[in-house]
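Colleague: Protein sequences appear in the order of chains A and B.
In terms of this note's numbering, the first sequence has 56 at position 56, counting the first letter as 1, and numbering is strictly consecutive.
In terms of this note's numbering, the second sequence has 166 at position 166, counting the first letter as 1, and numbering is strictly consecutive.
Quick caveat, the hints were computed from the structure, so don't treat them as lab data.
Here are the simulated BS3-like cross-link-like pairs (lysine-lysine), alpha carbons at most 30 Å apart as the crow flies: (1) B:113 - A:172; (2) B:172 - A:172; (3) A:230 - B:320.
Over the 10 Å line for every Cβ pair with chain A, so calculated as not near, a few chain B residues: (4) 29; (5) 83; (6) 303; (7) 347; (8) 368; (9) 382.
Facing chain B, according to a computed beta carbon distance under 10 Å, are these residues of chain A, among others: (10) 8; (11) 10; (12) 22; (13) 177; (14) 215; (15) 260.
Built from N, CA and C at the ideal position, the CB exists for glycine as well.
There are 2 protein chains.
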Amino acid sequence: MNPFRFQNPTALYYGKGQIEQFLASEVTQYGRRVLLVYGGGSIKRSGLYDKVNHILNEAGVTIFELSGVEPNPRLTTVHKGIDICRTENIDLILAVGGGSVLDCSKAIAMGVKYDGDVWDIYQRRAKATGALPLGTILTLAATGSEMNSGGVITNWETKEKLGGGSPYTFPKFSFCDPENTYSVPRDQTIYGTCDMLAHCFEHYFHPTRHTPLQQHLIEAVIKTIVENAKAAIDNPNDYDARETLMYCSTMALNGMINMGIQGDWACHAIEHEISAIYDIPHGGGLAIVFPHWMDYNKNVNPSRFASLATNVFGVDASGKSTDELADIAIAKVREFYKEIGAPQRLADYDIGDDQLDRMASQAVRFGEIGNFKKLNKDDVYAILKASL
Amino acid sequence: MNPFRFQNPTALYYGKGQIEQFLASEVTQYGRRVLLVYGGGSIKRSGLYDKVNHILNEAGVTIFELSGVEPNPRLTTVHKGIDICRTENIDLILAVGGGSVLDCSKAIAMGVKYDGDVWDIYQRRAKATGALPLGTILTLAATGSEMNSGGVITNWETKEKLGGGSPYTFPKFSFCDPENTYSVPRDQTIYGTCDMLAHCFEHYFHPTRHTPLQQHLIEAVIKTIVENAKAAIDNPNDYDARETLMYCSTMALNGMINMGIQGDWACHAIEHEISAIYDIPHGGGLAIVFPHWMDYNKNVNPSRFASLATNVFGVDASGKSTDELADIAIAKVREFYKEIGAPQRLADYDIGDDQLDRMASQAVRFGEIGNFKKLNKDDVYAILKASL
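Please model the entire structure based on the sequences and the hints provided.
Modeller: Structure, rendered in C-alpha cells:
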C-alpha cells in the first residue's frame, strides 16, 4: 500500500432514538444560532422537520433556514447559504437530507470562511481556509457524505459539476437513523445503492500494489450491498435492511476501507459530465457507465476482476481461467444492477450521441482520468459510446 | 446492530518515511517539552531511539525519558511517569514501543490530570477527567493501542491486571512504519499475531442481532491475518508481510470493524488472570484459552462458527451440517495457531492446576464475564482446566 495519513474526526451516531437523546447536546456545544439546510420538503412530510425543530427549540436554539437544495446542488444555492451565514452570524450548519443537502452545506461551510468565491476551491484554484462547524442528519443512504470531507457542486451556468472538500469539512457529528430513510422512494433507494456500490468499485479497481486487507474489506462492503440491497428496495419499512444499506453507504466512503489505496474515480468523472449536461441521477449514471468501464479495462488486471467473482459473488473458480472469471464478474455486476432495477443504458434517459464529444473533452479537461488505467479523451468517448 | 456513537480522532500515519517527514510537526503543535516513554532498550539497538532524538532535537524539543516499561506494564512505572510529567511540566507524551509502552503512556496521560491514584480509573471507581496529549511510534504489531483509547495495567502488589481508558486517551497521532517491526523477535511476532486475532474473535463472537456488514468486515481482517502472518514470522525483514500484519493489528482494534456490536471479551478477562499471576505473554495466553473457549461455547450459536469455517477458511459447506462446520472451524483455528508456532496448553508455560480456583474467582469478581455467553466462575474454571 501507499504511505498514508488517515484521520476522520466525525462523531457518528447510528440507530433509532439517537437524535432524540443526543442532538441537542451535540448542536449546542457549537452555539445557538443554527442554519437548517434541507431539500424539497420531504423532511416536512416525514415529520423529521418538526422533530428537529422541536428538539432545537427546547434547547434554546434560534433556527434559520435554507430550503430547496437541488438533487445536484447548485452553486447559486451555495451562495445563498453563505449570505445567510454571514448576515445572521450562524454558529453551526445543520444539514438534514441526503448527499446533495450535505454536499451543499459543506460548500457553504467552506465558503463562509473564504474571502473569494467558493467555486475557486472546486476549480482547484484555491484551498479552503476554514469552515463553519457542520452537523448532519442523514435521510438517504448513498453518498457517504455524512462521514467524509468531500462534496460535489454543480455550476449550472458553466455546465460544470466538480468535487471538492478540505480537512475542515468533516461533519462534527452525523445522525443516521434508518427510520429516516423509510420514506425514500424506490428509485432513489436504487440510485443510492448504485452510488455506494460505485464507491466500492472506485476503491477496488486501483493500481496500488500489495493491499490484501483493503481488498478483503472492500469485498466485505460490496458483498453486503449485493446481499441486502434488494430487501431494502422491496420493503422500504424493513428496519434491518434499511440499516444495513445505510451503514454500507457510510462505510463505503468514510476512508476506512481504502487507506493507502489510490482509487480509480474515472467513472465518477465521466458520470459528472453526463449529469452536468442532462441532470440525471448520479447513481443512475454510475450504474450505466461502470459495466462498460469494466469491459473496457478488464485486461489491465484480470485477476482483480476474478477476485470479485470468487470473493464477492462466490463463483467457484475451478476449471475457469482468470479471463473467464473476469467476464463472469462483469456479468454478475450487470445482473445485480438489473435485479435491483437500475438503468442499463443512456437511452433509458433519452440521451443520444450528440454530446459525447463534449462530455469526453470536459471529463479530461484537467488531464487524463482514472488510476487503474489512465484514460484520455478517446477512451472516455469509447466508454460513453458503449453506454448509449 | 445496537445503536452506537463512534468517534476515533487519531491521526494515523502508515509507511516508511512518514516519521522523517511528519513527526516534528505533529509533536511541536502540542509543545516542546516531551516525555519519551520506551521499554527495554530495543529501540536503541534498532536505531529508532537515535532517529527520534535527532528529529526532536532539530525541532527544538526538550526530551525527558521514562524507560524500562515492562511487557505487562506496571502501576509503579505509571506512577513514575506521572511524577516526571508533573515535575517537568510535560506538554506531550511520546510513546515509542509496543502495546505495553503505549498502554503505560495512556495511564500516565490520564493520571497527570487526575487528582487521586490513576488505579481508581482501572478499578472503575472513578472516571478520567482529562489526559495529557499522547503521540505514539509503534514498534510491535499486536494490541491496536496505537489507534484506540484503551490499555491494560498490572498492579503487581495486588496481582491485578485491569483494562481501562477514556475518550481522552486516543493518541493524537500514531506513526506505524513496518520497518520498525523488523527487529521484533520471532516469538513476539507470534504473540502479536495471536493478540490481534483474539481481538477479531472477541468481536466476531457476539450476541448482537443483524450485523451483516460487521461480520464480513471482521472476517476480512481474520482472513488477512491467517493468510499473511506466517510470512512475517518466517521472514522478519519482509516489508509487505510486516506491513500487512501491522495494519491488521491496527484495524482489529480501532473500533472500525465492530461498531454497534457487543463483543465478548471473556477470553481477555481469563487471560488477564493467568498473566497477572504467571506474567506470561498476553498473546500466548490468548492462543491457549481461545480454542477451549470455542469448544465450551460452540453450541451457543453454531452457525457463527460455521460462517468462520466457510467465509474465512474457505471450507466447502456442501454436505456438512452446521455443527460439523463449527467443529471444522475450531480445528482450523487450532491448526493456524500450531502452524505459526503459538503455545497450545498452559503446560507449555509450566502452569499447573494449583491456581485455577483463584484465577476463576478473580476473573468474575466484577460479575459474570463474556457476552456471547455469560460465564460464571464454574464456566471459567472449566475452560481453564481444559487449557492445562
